[in-house]
Amino acid sequence: MAILGLIIAIALAAATRNLTRQTAPGEERIAALVGQLNRPEEPVPSSPAQYPITQSCLARETHGTNINFLSTPKEAARKARNNNKLTFLLHISGNFEDTDFT
Amino acid sequence: VGNYLNTFFVSSYQKVGTFRVANGRKQGGNVASYFCLPDGQVLHVLAGPVDAATMLQEARWVVETWKLALLEKKEDPLQLLALFAKAHADRLRQEHGLTLSEAHQLRSASTVDLTTLLAQSANRKLSRQGRVHLLLARTSPLKIEQIYRLVFEKILGETISTSPVVVAQTHIP
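Chain order of the listed sequences is E and R. All residue numbers for the first sequence refer to the numbering used here, where the first residue is 1 and numbers rise by one. All residue numbers for the second sequence refer to the numbering used here, where the first residue is 1001 and numbers rise by one.
This is chain E alone, in the form it adopts within the complex:
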C-alpha cells in the first residue's frame, strides 16, 4: 500500500513539473499581466509587510515580464522617436511595480 502511494506521488510530481515547464520563464508574468488582471478569485497576500511595495524608478525594468519598461510614457516616447520605434503603453488599475497590486 505504501509503495502504491509512493508511485502515485512520484507520478503526480512529474506531471506537475511537465505542466509548469511548458511556458518559458517570464511568459507567465506576461500572461498574468495581459490575461488575468480581472480575476476575482485571485488571492493576495494578507500582510503588506510580507511583500513590500517597491516603487522603483530605475530607467528600465521588466517587472517580472520579458518586456523592458521605461518608467514614464514621456521617456518611452523620446526613446521611440530616437530609435524609429513605436510605443507600447499599458494603462492599468493598481501599481504595476508590485505584482500583488496589479
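Certain hints may be false.
Within a straight-line C-alpha distance of at most 25 Å, the following computed SDA-like cross-link-like pairs (lysine to any residue) qualify [to be verified]:
| no. | chain 1 | residue 1 | chain 2 | residue 2 |
| --- | --- | --- | --- | --- |
| 1 | E | K85 | R | V1050 |
| 2 | E | K74 | R | Y1148 |
| 3 | E | K74 | R | D1039 |
| 4 | R | K1154 | R | D1090 |
| 5 | E | K79 | R | K1067 |
| 6 | E | K85 | R | K1015 |
| 7 | R | K1143 | R | T1007 |
| 8 | E | K79 | R | E1064 |
| 9 | E | K85 | R | E1058 |
| 10 | E | K79 | R | N1006 |
| 11 | R | K1154 | E | N95 |
| 12 | E | K79 | R | K1015 |
| 13 | R | K1074 | R | T1007 |
| 14 | E | K79 | R | G1130 |
| 15 | E | K79 | R | P1141 |
| 16 | R | K1125 | R | H1096 |
| 17 | R | K1143 | E | R78 |
| 18 | E | K79 | R | D1076 |
| 19 | E | K85 | R | E1072 |
| 20 | E | K85 | R | E1064 |
| 21 | R | K1067 | R | G1130 |
| 22 | R | K1067 | E | N66 |
| 23 | R | K1073 | E | R78 |
| 24 | R | K1086 | R | L1070 |
| 25 | E | K74 | R | G1130 |
| 26 | R | K1143 | R | S1101 |
| 27 | E | K74 | R | P1164 |
| 28 | R | K1015 | R | Y1004 |
| 29 | E | K74 | R | H1096 |
| 30 | E | K74 | R | V1062 |
| 31 | E | K74 | R | D1090 |
| 32 | E | K79 | R | Q1079 |
Simulated from the structure, these hints should not be mistaken for laboratory data.
Mind docking chain R on chain E? Use the hints.
Chain R alone, transformed into the frame defined by chain E:
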C-alpha cells in the same frame, strides 16, 4: 511576446485606475494596451486582458500595417493614420460584421462626439474590441489623451482614479 515588443516598441505603463482587495480577493481592475506613434497618436488599442498569443498577434498586426504604410511612403502622420483607420474599418467589417461608410470620418472629434458614437444603438452591440475598431476607424487622428478615458470608462466599464489600491482588512471578532 517580450522579444517582439522589445524589438519594435518602447514600452511604459501608467496607473489610471484602482481596485479593491477585500477578504484577500481582488474586486474590479482592468488593463488597456495602447500601440502608438512616439507623438501619442493611437494606432491600436487592446481593451481588457488578452492572452500572450493574442497580444503577439495584435502587436504583429500593428507593426506589419505600419511597415506597409512606410512601404507606400505614407510617412506623413496623417496619411499613416488614414491607412490605419482603413485597416480598422476592414477589421470591423471582417471580424464584427459592421460596414462603415467612408463619408462619415470624424476629424478633431471631441469626447462627446466619441461617446455619442459608441452609444448609437448599432454600435452598442459590438464587443469591446469591435468598439475599439469603430473608434479608430471613424476618428483619425486620435491621440491617447483624447481616448484613454473613453476606453477605460465606456468600453472597459472602470473608473479613472488616482486613488491607491484599497486593502480592506478582514475584521476578526
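Which numbered hints does this structure break? Violated hints: 14, 25, 29, 31; rest satisfied.
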